[in-house]
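Asks: Given next are the chains, with one letter for each unit.
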Amino acid sequence: MRDTFRGGVHPAEHKELSREQPLRDFLPEGEMVFPLSMHIGKPSKPVVKKGDQVLVGQRLAEADGFVSAHVISSCSGKVKGVEKRLTLMGTMADCVVVDNDRQFTPAADYTVKADVKDLSGDEIISRVQEAGIVGLGGAGFPTHVKLKPKDPAAIRYVIGNGCECEPYLTCNDQLMRTRAEAIVEGMEISLRLFPNAEGVICVERNKPEAIAALKKAASGKAKIAVRELATKYPQGGERSLIRVIAGVDFPLAKLPADVGCIVENVGTLFAIQRAVCYGEPLYSHVLTLTGDAVKNPGNYVVRDGTIFSELLTASGGLKEGVTLKKAMCGGPMMGIAMSSLDVPIQKQNNGLTLLCEDAVEIAEGQMTACLHCGRCTTVCPMGLMPQMMADSITDGDLKRFETKLYGLECIQCGSCTYICPAKRPLMQLFKQTKTQIMARKRAEAGGKK
Amino acid sequence: MNGVMNNPLNISSSPHARDRWTTAFIMRLVILALLPTTIIGCVYNGIHATLVVLFGVVTAVLTEMIFDKLCHKPDTWKDGSAVVTGLMLTLSLSPSVPLYAPVVGSIFAILVVKCAFGGLGKNFVNPALAGRCFLLISFGRAMSTFAVDGVSSATPIAMLMTGRTVNITEMFLGTTSGVIGASIVAMLLGGMFLWALDVIHGEICFSVLGGFTLLMGLFGGQGFDPGFLLAHLCGGGVVMGAFFMATDYTTSPVSKLGQMIYGLLIGALGALFRVKGGTADSFSYSIIIANLIVPLIDHFIIPKPYAYRRSAIRRREGDTRSFVKRLPKPVVVLTVITLIAGVALSGVYAITKDTIEEQKRAANAASYRVVLPEADSFGQDRTIDAAIEDMNGGVYGAGFGRVYINECLPGYDAEGNLVGHVVRVTTADGFDGDITLVVGMKADGVLQGISYTVLNETPGMGMRAGEPEFMSQFEGREVERFTLNKAGASDNAPDAIDAVSGATITSTAVVNAVNAGIDFYHNVVIGGED
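If you're matching them up, the sequences are chains A and B in order. Note that the first sequence ends on residue 449 in the numbering used here; no numbers are left out. Note that the second sequence ends on residue 979 in the numbering used here; no numbers are left out.
Quick caveat, the hints were computed from the structure, so don't treat them as lab data. C-beta: ideal position from N, C-alpha, C; glycine also. Certain hints may be false.
As the list claims (entries may be wrong) - Quick list of the computed label-pair ranges, beta carbon to beta carbon: (1) B/Ala645 <-> A/Lys221: 52 to 58 Å; (2) B/Met514 <-> A/Gly365: 17 to 23 Å; (3) B/Ala591 <-> A/Glu364: 32 to 38 Å; (4) B/Leu745 <-> A/Glu364: 54 to 60 Å.
As the list claims (entries may be wrong) - If you want a taste of the chain B side facing chain A, the calculated C-beta under 7 Å gives, among others: (5) Ile460; (6) Ser462; (7) Ser463; (8) Pro464; (9) Arg467; (10) Thr472; (11) Asp528; (12) Leu678; (13) Tyr755; (14) Ala761; (15) Thr885.
Said to hold, decoys possible - Cut-off 30 Å, straight-line C-alpha distance, at most; resulting in silico cross-link-like pairs (DSSO-like, lysine-lysine): (16) A/Lys399 <-> B/Lys705; (17) A/Lys434 <-> B/Lys705; (18) B/Lys809 <-> B/Lys778; (19) A/Lys80 <-> A/Lys117; (20) A/Lys399 <-> B/Lys753; (21) A/Lys117 <-> A/Lys42; (22) B/Lys774 <-> A/Lys254; (23) A/Lys80 <-> A/Lys42.
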């Protein structure tokens with residue numbers, strides 16, 4: 001059976017730093033900051049005001065429309081107000097700020113497991129929506145939207161994504177090892193929405209313990225399989241997974257549901273199980289604190305709204321005598337470079353990687369002209385021609401970029417930039433160009449109206 | 450955060466990781482791969498060859514360094530690509546070239562072909578090859594003299610091209626007359642090393658070798674004889690071209706399909722030039738020509754992204770038709786037409802085969818009468834036929850080039866007296882393919898005349914070998930072996946033949962064929978009767 005997609009790269013994993021560290025609950029002490037936009041879609045609208053007393057699991061802001069998600073408090077305390085605060089993207093954004101009373105009093109009892117056998121599909125989706133669940137793989141797309149495709153009967157596969165192909169990150173590995181039953185149950189609940197689908201949980205081969213745990217949990221379940229995949233980036237990209245499981249390639253304009261697939265991160269499946277069975281909203285998730293600058297790398301269950309720097313300090317801070325050069329929310333392939341650690345952890349964040357060395361800075365010193373070596377074309381998981389695309393941009397021939405080279409199909413995985421021996425920032429160039437073309441198209445469409 | 454914010458953090462767009470391979474690292478791998486060849490070449494060819502390599506490499510690096518300085522460019526000479534160019538250029542030179550050759554070649558390669566067009570990644574043809582061709586054109590004699598320790602000898606490829614046999618083992622090891630980088634074993638070792646590490650594209654190397662072998666087998670005149678093909682593969686820089694020259698990133702296509710087309714083109718041109726051309730350096734030219742076509746290939750051959758390929762669309766749409774039904778209609782139609790045409794053609798051939806043979810015999814008989822008019826009829830001589838059969842279709846004698854004896858018949862007058870013999874000879878050394886002629890020998894050893902049955906040379910040039918002015922020179926002379934006066938010479942030696950001006954190759958081939966006919970007459974016909 002096929003165990004991977006075409007192309008891809010294999011960056012140094014560095015997972016050994018934290019892979020054996022068990023998940024630990026981290027209870028923050030400082031004030032908590034909840035951005036109103038921790039998801040793809042419209043920012044949510046605050047439902048609390050200054051001075052309100054809130055409890056763990058209580059709603060702070062509610063979804064504005066269908067493609068949006070509730071914001072849930074992860075602590076108990078008094079609302080300080082809705083203020084502009086520095087967030088992950090480096091901009092000031094509206095956030096609900098809560099003065100943490102360190103009691104963590106829950107709004108309801110989240111430890112009792114309810115019998116959910118008789119729940120209808122709509123009730124399941126509404127519980128997921130109430131819980132404010134978003135895709136925990138990194139993008140943060142509202143899960144209830146994903147679970148409601150146009151034609152649920154056309155879905156053939158629900159793919160549980162436990163690849164964790166991003167270097168350094170190990171929190172999902174730990175989650176799968178210790179919460180395998182819950183993940184499988186989350187998958188079972190999801191499968192109830194799709195009568196013709198089978199569930200496939202995919203894990204890269206470098207996580208044998210997680211695979212064993214999941215296989216044990218899924219044994220005897222006819223509709224759920226666990227698949228071992230090759231260790232390769234971007235194996236955990238939804239298009240790569242669909243390529244492997246369903247054998248289908250599809251253009252960027254189509255959604256996974258259009259080819260009969262739904263892809264959910266294992267963290268999301270876990271959150272679905274918590275929400276549906278225990279009524280617990282999504283206010284905490286797993287996160288890996290790692291990197292060669294960190295004194296004690298580890299895997300944590302963190303609460304949304306916790307300030308990154310507080311977690312770092314509590315863990316033991318940086319190693320003595322090192323200079324922090326680069327901080328990334330997430331891993332080095334897809335992560336967001338941070339200018340400050342004093343920003344809140346959001347729902348979909350799954351790592352804080354702190355490094356003493358910046359590979360990008362080093363690469364800039366090694367940049368040469370393009371050799372036309374073709375490595376970028378070999379690694380592109382979409383089958384694009386990055387080198388020709390870059391040439392067409394340099395030549396100012398955006399028409400060739402768009403129509404002949406299908407430049408807009410780039411999924412921005414960064415494999416081409418990673419592999420380029422001439423150290424050319426290919427993906428960054430494509431990202432810029434795509435934005436430009438899309439803006440022009442929007443302007444043209446607007447002009448016609 | 451104490452201490453953290455004192456140092457500003459680096460911000461960049463993802464990905465924030467990079468592979469370890471750099472341009473300089475790749476160049477170092479190529480240099481490493483060329484090292485075995487270089488060492489063997491220098492050790493076998495001695496100190497002068499070592500100096501040639503050294504001069505070439507140092508000049509290449511210095512040229513780029515000075516260019517960078519003068520033009521205020523970044524120090525690109527440090528990336529090692531100049532070393533690769535210098536090394537590849539000198540490895541493709543004769544070990545006995547004067548030391549100015551590698552210097553001039555390197556300067557041309559780096560300055561004109563590489564730097565003037567924008568440096569690394571911008572050259573329009575392979576710089577090393579361009580340098581080599583520049584030298585070939587400028588210093589032809591020095592470039593084509595191959596001497597080791599002052600003793601010069603023909604290279605295996607030059608011998609191959611004149612129909613002689615070569616020692617493949619020596620070619621393989623590189624212990625033979627040839628360029629500095631003549632060791633095939635070392636080249637293959639380096640090439641395989643680069644291929645295994647994915648530095649060079651197998652699509653290119655193997656389609657070059659495949660295309661060359663295929664065309665050499667089809668048109669080389671000796672079929673798919675392994676010894677013959679291997680000898681051609683080992684000579685004339687085919688291996689070096691396939692693994693090191695054709696695979697130059699900048700001047701080869703990006704797509705896999707493009708790479709295969711490009712490789713086949715090089716192989717095909719190389720074989721064509723080898724069979725039809727007159728120079729041993731043809732492989733360099735075929736790569737350069739293919740280099741020039743690369744922008745065209747890259748412009749038109751762009752593989753579609755996976756999601757847009759026909760197979761992907763089919764799978765998305767759940768098309769489960771069988772392979773044959775999925776084939777595009779034109780393919781099916783064309784295949785059927787081709788098959789029908791093939792069957793029809795072979796049918797026509799089978800029907801007309803005997804007629805054609807009959808006509809050929811008649812044509813031959815007519816030529817026999819022309820060159821031996823005294824004969825009334827032609828018989829058959831079993832001894833002679835057996836002698837021809839013994840040759841097994843091989844080349845006749847030595848020193849006549851690729852000459853074959855087809856037939857030799859005794860001619861009798863009306864009374865049944867032997868008046869002489871006719872010998873039909875084919876030479877493969879014609880400028881445009883085979884020439885077949887008939888030599889008429891009278892019983893007293895005097896050459897009566899010659900006549901062509903096959904002559905397809907260049908009109909106005911080689912074709913003039915068929916004019917009486919040239920042909921009549923042979924008539925009525927009793928000579929052991931004719932020698933050729935090059936055009937314009939007026940040496941009136943008793944055995945001299947004046948060449949057709951401007952058609953030395955054709956004239957040589959004809960004289961050789963006639964000589965072979967005479968030789969056969971003396972040694973087999975007369976000798977056989979003794």
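Asks: Give me the numbers of the hints this structure contradicts, sorted from smallest to largest.
Replies: Violated hints: 1, 3, 4, 12, 15, 18, 19 and 21; rest satisfied.
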